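2 protein chains.
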Amino acid sequence: MKIYDGGRAPNPRRVQIFLKEKGIEIETQQLDLNSLEHRSPEMLAKNPVATVPFLELEDGTVISETIAICRYLEELNPDPSLFGESSLERAVIEMWNRRVEFGFFFRVAQSFRHLHPAAAVLEGEQVQAWGEKNNALATQYLNILDDQLAKNEFIAGPKFSVADITAIVAFQFFKPARVIMPDEGHDHFRRWADAIVQRPSMEL
Amino acid sequence: MKIYDGGRAPNPRRVQIFLKEKGIEIETQQLDLNSLEHRSPEMLAKNPVATVPFLELEDGTVISETIAICRYLEELNPDPSLFGESSLERAVIEMWNRRVEFGFFFRVAQSFRHLHPAAAVLEGEQVQAWGEKNNALATQYLNILDDQLAKNEFIAGPKFSVADITAIVAFQFFKPARVIMPDEGHDHFRRWADAIVQRPSMEL
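One line per chain: the protein sequences are A and B, in this order. Okay, so the first sequence: first residue is 1 according to this note's numbering, each after it adds one. Okay, so the second sequence: first residue is 1 according to this note's numbering, each after it adds one.
Hints in this document: simulated from the structure, not taken from any laboratory. Remember, predicted model here, so these are calculated numbers, not experimental data. Don't take each hint at face value.
Derived lysine to any residue pairs resembling SDA-like cross-links, with alpha carbons at most 20 Å apart [as the list claims (entries may be wrong)]:
{"hint": "1", "chain 1": "A", "residue 1": "K46", "chain 2": "B", "residue 2": "G60"}
{"hint": "2", "chain 1": "A", "residue 1": "K175", "chain 2": "A", "residue 2": "H116"}
{"hint": "3", "chain 1": "B", "residue 1": "K46", "chain 2": "A", "residue 2": "D146"}
{"hint": "4", "chain 1": "A", "residue 1": "K22", "chain 2": "A", "residue 2": "F106"}
{"hint": "5", "chain 1": "A", "residue 1": "K46", "chain 2": "B", "residue 2": "L142"}
{"hint": "6", "chain 1": "A", "residue 1": "K151", "chain 2": "B", "residue 2": "G60"}
{"hint": "7", "chain 1": "A", "residue 1": "K151", "chain 2": "B", "residue 2": "S87"}
{"hint": "8", "chain 1": "A", "residue 1": "K22", "chain 2": "B", "residue 2": "S87"}
{"hint": "9", "chain 1": "B", "residue 1": "K151", "chain 2": "B", "residue 2": "D194"}
{"hint": "10", "chain 1": "B", "residue 1": "K22", "chain 2": "B", "residue 2": "F154"}
{"hint": "11", "chain 1": "A", "residue 1": "K2", "chain 2": "B", "residue 2": "L88"}
{"hint": "12", "chain 1": "A", "residue 1": "K151", "chain 2": "B", "residue 2": "K151"}
{"hint": "13", "chain 1": "B", "residue 1": "K175", "chain 2": "B", "residue 2": "L137"}
{"hint": "14", "chain 1": "B", "residue 1": "K151", "chain 2": "B", "residue 2": "G84"}
{"hint": "15", "chain 1": "A", "residue 1": "K175", "chain 2": "A", "residue 2": "D147"}
{"hint": "16", "chain 1": "A", "residue 1": "K151", "chain 2": "B", "residue 2": "P48"}
{"hint": "17", "chain 1": "B", "residue 1": "K20", "chain 2": "B", "residue 2": "S201"}
{"hint": "18", "chain 1": "A", "residue 1": "K151", "chain 2": "A", "residue 2": "H116"}
{"hint": "19", "chain 1": "A", "residue 1": "K151", "chain 2": "B", "residue 2": "L44"}
Take a look, some chain A residues computed to stay more than 12 Å from chain B by CB distance [said to hold, decoys possible]:
{"hint": "20", "residue": "L88"}
{"hint": "21", "residue": "A91"}
{"hint": "22", "residue": "E94"}
{"hint": "23", "residue": "N97"}
{"hint": "24", "residue": "V121"}
{"hint": "25", "residue": "L204"}
Derived coverage of chain B by chain A (criterion: at least 3 residues anywhere in the stretch with Cβ under 8 Å from a Cβ of chain A; other residues may be distant) [unchecked claim]:
{"hint": "26", "stretch": "27-37"}
{"hint": "27", "stretch": "94-106"}
For every residue, glycine included, the Cβ atom is placed at its ideal position computed from N, Cα and C.
Please take these sequences and the hints and turn them into a complete structure.
Have a look at this one:
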């Protein structure tokens, strides 16, 4: 199998960290997003929705969507589990991964895509007011994460999971997205982030 | 277990259809979204991100997020499978469900939330230009779905799946979202939609 990747963009980063946490190596071809290589006819024939990364299997089947890729690789390589080991654990991890995707990761990404001039090539018409709304919502969501991390070592409970990967990648994208981390407060979130960035999987 | 539900809003509808397809009955309490009952202190204590629907288990554990709820119920009630039976089938279904969520369902929802005056109570500050952008993108996505349905009976392949539920609920929300179905073309999409709405699970 082969991954068509997109460098340091947030979704590529999520899969890269996931693979390192699992100890999986897969042949990778980098696509240059700024020159819209992911939208070339050759790549659109593989993945018509033009997202990165995507996984191409030996028989030519393409799996796009970060979480679909990660869950498929988890099924082939169950240990260590990053999606949960029981039905209930899987439900709680999926809930938190989705909460973080929609409430935090997506907000940070929208702030980047609508406020950063370099994102215009990807976004087309940028909507300033939408970027600003998401910028504020991303910062607000730190309260939800801080409350959760006051009671739990990791985002979805006592174990590191795919939800932590989603959250740390969003946090590390604050700067290009122009989201400001408040100077004070959010101590539980800071404790969590300081620990996560030490993991070997986070090395660039 | 008990579901805290939100009437005919799109995510509640997805879970309602899923339950009927599976033949599962669960005690349900309706929350009135227009009076913001889902944001009452009692409900925020259960689900701090204030989404509907959410599932409360006997031990008090809350599972929010439509797809986390559906996947958990699928694990407890495997037949008929709506998330896939093999690793590869599950990957393709998750890919298509997510493609439809981000490219279609979400676009329709954003069009509603930013263009319909009645959505202001849920959205707060509405961003007209963002609503219009999503309105156009929802219509454009019909091309992706039509291409896929030219080659497949259902959205994710030869079997009805959760991806069909996501897509039909988005399509049925076109009117409140002010998305216009083009008068001509998209014949494969129309064939699919005409068949899906006949399913007993679609009855209101």
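> Looking back at the hints listed earlier, which ones does the structure fail to meet?
Replying inline: Of the numbered hints, 1, 4, 7, 12, 15, 18, 20, 21, 22, 23, 26 do not hold.
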